[in-house]
Structure formats: structure tokens, C-alpha cells
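J.: Chain by chain, the residues:
There are 2 protein chains.
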Amino acid sequence: MTDPILVEVLRGASVESAHRGAAVVVDADGKIAFACGDVDRPVYPRSAIKALQALPLVESGAADRYGFDAAELALACSSHSGEPRHAATSAAMLAKAGRSVETLECGTHWPSNAAATQALARSGGAPSALHNNCSGKHAGFVCFACAGDIDPKGYVGRGHPVQRFVAEAVGEVTGARLDASTAIGTDGCSIPTYAIPLTHLARGFARLGTGQGVGPERARAFARLRAACAAEPFMVAGTGRFCTEAMTLFGARVFVKTGAEGVFCAAFPDQGFGIALKCADGTSRASEVMMAALIERFVPISEAEQAAFARFSAPVMTNWNGMEVGRIRAAGPLAA
Amino acid sequence: MTDPILVEVLRGASVESAHRGAAVVVDADGKIAFACGDVDRPVYPRSAIKALQALPLVESGAADRYGFDAAELALACSSHSGEPRHAATSAAMLAKAGRSVETLECGTHWPSNAAATQALARSGGAPSALHNNCSGKHAGFVCFACAGDIDPKGYVGRGHPVQRFVAEAVGEVTGARLDASTAIGTDGCSIPTYAIPLTHLARGFARLGTGQGVGPERARAFARLRAACAAEPFMVAGTGRFCTEAMTLFGARVFVKTGAEGVFCAAFPDQGFGIALKCADGTSRASEVMMAALIERFVPISEAEQAAFARFSAPVMTNWNGMEVGRIRAAGPLAA
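Protein chains in written order, with the numbering used here: chain A, 1 to 336; chain B, 1 to 336.
Chain A on its own, in the form it takes in the complex:
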């Protein structure tokens, strides 16, 4: 099936580009509250499920053993912008396990935050794996391994115990069978990513948001991870970014996490809903507007909150002279 157009990009009064996609909202029993597009096709969830991938870190007791605070737990669930506090916190997590940046296997890139990159260059510095947007998740993997006396070397590999524990947790929470028939890709940070239908991803996030359908220990781990991200939203993404700003604005009412190639997952705990969506062409500007439209549809927010959120739900595009040149809006089944 052809996914419907869910987001339009206007320049002047005309639609310049359009983005198709699929989105689904379900409760913890799997009952669908909203769906559009092909929500049964498996998609690589990429970084959108980092909170699920952090379960072994919490459930094994590793997070307690190293005394992780909310900022460190939030960073373990993050795709961060490589700002100084992000890199420093990754280093601090590793240090608690007696490790350093050398143990990270995520690779190195310059901070996605432009000011952080410019400041790093201006100081004569260069990026390390600590600046990789996945360094917090990887520091969590390393700490989980070290606390359990598992050699972290090769922890990104599909056959390594770390990834086997992670895949088991993801499979249990989403109810997706991860077996020989599952499409497997390698993520940007070198760990495996397993293709899972949006309906299953959404159900996993409904469980994350409610604790329903999982055992009490897992429910406590979910609550702890959500509370950490709500308390330290800067650590989940970075300055000015969707996940950080949405959780700053809405607090614990909304848990949101973006992933590469236009994936976005969320939990709306008060409504009992889990959400998963994918922009078919993989573009983040569109997946953000899709998620914003679902927040505005399903989460009661005040007029003041709606106004503050408008820069994500109905972004205005300006050019290099600060002139307004266009805007992005939800369309089709996601239009207000």
C-alpha cells in the first residue's frame, strides 16, 4: 500500500515538497486508537528504541551498582548533540566502570550541534567517540557488560552477550519475533537493528508508558527510565532539539524519542498510548511534524503549551536573512 501524504512543505503559498508516512497509536493491549499508512511493514527502529535497549543496564542492577543518576540514565537513552555536558557525562559513566573512551566502539564524528563543533575546532580540539550521538547508549552497554563480568570487547556485535540481552528485551517488550526471518541491518553506531512492524513498536511503547503487560521489575525499570528522561531532557537530545524541548515542555506527560531515517516512537502515559511512526522517505523534518501532530491530537495541552510547541508542530522556515519563506504542516489524516 502507498503511504498517504502526512506532511507538506510550503514555500510562499505553494506546496514545494511532500512527505508520506505511516503512523499508529495503540494501547498496552494492542488496541488501535489511530492508524494510517502501512503500519504492519517491518521498519528498522534505529535510535527510536534506545529506552528499550537500556533495559538490561537497569534490570541487571548495573545502573545501581555504578550509582547512575537521572542524567546518566537519560544519556543512555539518548541521541545527543555532542555538546560538552553530553561528552563529559559519557566519560563519567565509563569511568564508573573503570573504562574510558577507548572502550567505545561507536565510532567518532563531530558534534551535530553546530556551536559545539565550532567551539571544539576553535579550541584546537578534535572529536572523540564521546561526541558520537550514541556514546551514552554505548557507555551504558559497556557498564552493563562490566557490572556483569562480561568482557565488553566486541560489544557491538550481534553475537556478543550485550546485544543478545538487548535483542531479548526488545523482542519481549514489542512482542516481535526476532528470528531467522527478521531483516537485520547495521546501525550508524555499528550495533544491529532489527526490522519490527510499527504496530509492535507502538505496543512496546504503550507498555513503557504504562507498565502494563510486563512484569513488576520491568515496569519499575520503565518508570525509572521515563522519570530520568523527564528530569533531564537535555541529555536525551540537546539544545533546541525536538525530544529535549517536548519533554521540557510537557514533562512526564510525554516520552518521545527520534530515530534515524524518519522513525519516531513515543509514549503518552496518561492516555495509556504507545506511538510509532515512520516517514517513508526517511526525513526528520517530517517525522517531527508527524509526532507533533499526534501529541496535539491525543495529549491535552494548554493554549500556552500549544503556542510554545508551534515551532515543532507548525515550523516556520526562514532564510539566511531571517525572512519567512515557508512553513511545514501536517496533512491528510494528520491534519488538525
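Mixed in with the good hints, there may be bad ones.
Unchecked claim - Taking beta-carbon pairs under 8 angstroms as the criterion, some of the chain A residues facing chain B (in silico):
#	residue
1	Y44
2	H109
3	A195
Source of the hints: derived by calculation from the structure; they are not laboratory data. All residues carry an ideal CB built from backbone N, CA and C; glycine is no exception.
Take the given structure of chain A and dock chain B to it, following the hints.
T.: For chain B alone, coordinates are given in the frame of chain A:
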């Protein structure tokens, strides 16, 4: 009509994202050699028509008066990466008209070339309008104005003589009626962009490539601009970029120019073809693969050239550890 899928992005063995689009190949008489998708819908051509927008600079004699060389003419047709030679050449063009960076009205941004940005930051510098990817086109506008005793102040405005001359040339070459019914947007660099059907854009590029269907003076201007870009392909884009690498590889056999939001135009002079395409969702990674597929289909190239061009026609995606994680390929009507 729904545009077909023209490009697929694979991770592992599975399609992770897909891009739709429309593309058309015509000769100077308007006869269609290839078409797919909605090629009659008006699209903003953005920077893809900078070579047409440079016509007044050449035809007025301004380029001769200031003794512009091939590098300067190529920069006038460019969306450059803000590398040192680009910025210096923009400044040199302005100086020939007794002007400087202060006259530019394109706005300022950091170089799109990451190494150039890091070097600029490392030296304690900051970007100016010379680093704006459109500074060469704008320097051309300023020089056109000054040579004709037109005050350049406000030259980005739709009613300014510079933009009226530019719009007249674009309308004549493409055969598009630019009138009250034309959708008009403001481009990233603040000049107007007029929505024109892909069929008309392609016909304009067939004329640019062949000189057919235009007067002898315009045909000479086209040949001069094409020769300049073929001689100085670095000036048209920058290190490692599609337009620069394609014209370096194929020389005068291919004239290509990308634009924002997934537009790409080209001329294949030996075949007499003009080409225009747009990725419906506005993504450059896809418009590049679309254009590469059309080059491989319509331009005779050697096996060695095909191998050298593979990184644009069939890009391999690597992650931060240099592992191959996926690839991008032409699909549907553009599949080989």
C-alpha cells in the same frame, strides 16, 4: 498523479526508505525522450537554474567589461561549499565592480564544507556573506547592475531591475509564462523563485546545451557558461560534490546543476537533451541518484567512467566505523 518510487535506500538487504519523484528528458524542440511522474506540475527550480539566471551578466557585456574568467563565470552559476577559493573568488568579482561583501544581500552562513567550517573556526574566524553558497551568483548580480549603472541596493527584490532582467531571461529560455498566475516563493538567498513545470525547465536546458531555439547572442552566452563550468567544475559546487565530480569526470559532455528541495537540471549537449527532475520529498541524496541514472542511460560513458561514477549512481553508505551498512539505488522507471 502519484509520482513513482525512483530511488530506494537499503540497509542490509532491506529497503529502509524510498523516494518518489518526476523526471523528464526532452530535446530543444520539446520532444520527450523520457518521462515519469507528474512532469507538468510547476516546481520551484531553486538553484538548479543559476546558469539561466547568469544570462544577463554575460549578455549585457558586464562579464566582458570586468574581464571575468572561467572560474568567475562558473562561480556565478554555482551553489558552492564556501571553501576558501570560492569565497576569495566572490570577493574578487565584487572588487572588479568596486564593491565588497557589504553589497551582498544573500545572508551569511557557515561553509557547507565541514573542513572549511572547522578551519575557519580554528583560525578564530567567522563566516561572511562570501561563504553563502549563493555568493557567486549574487556577485554576478551586483556586477551586472554596476556595469549597467543600476544601483545594486535591493537587488534581491522582485521589482528590482536585476530580478526583472533575470526573470525575463528565465521565462524566454524555458518558454514558461511568468505572470500573475505563477506561484512565487522566496529562495534561501532572498531572490524570487518562480514555479515552472519540469517539461519547460528541461526544454530550457536543451536550449542551453545546444543553442537551438534561441538567438545567436544567447547561444554564445550559453556556450560560454557551459565551457566555463566544464573548465572550472570545482567552482560550481566544491570538494567531492556531485556537480563538481560529474563535470570533472565527463567534461563538456554533461552540464549538471543541483537545486534545493530535490531539484536537478542538466544538459547533455551531444545528445541534444535537456533534463529536469524533482524528488517529491525534496531530498538531495535521491535527486542525485536520479540524475546519475539518467546520465548513465543517455550519455555514452566508458566502463572506467562508470566505475568512477559509481559512488554517485550507486552510493554505498558506511557508518562511523567505516563499515558498509547500506546502499542507494535507482528504482522503478529509473532502474537500469
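J.: Compare the structure with each hint and give your call.
T.: Quick rundown of the hints versus the structure:
1. Residue-level restraint check for A:Y44 holds (minimum Cβ-Cβ distance to chain B is 6 angstroms; threshold 8 angstroms).
2. Annotation: interface hint on A:H109 holds; nearest CB of chain B at approximately 5 angstroms, less than 8 angstroms.
3. A distance limit of 8 angstroms between C-beta atoms decides the matter here; for A:A195 the minimum to chain B is near 6 angstroms, and the interface restraint holds.
Every hint, counting from the list given before, is met by this structure.
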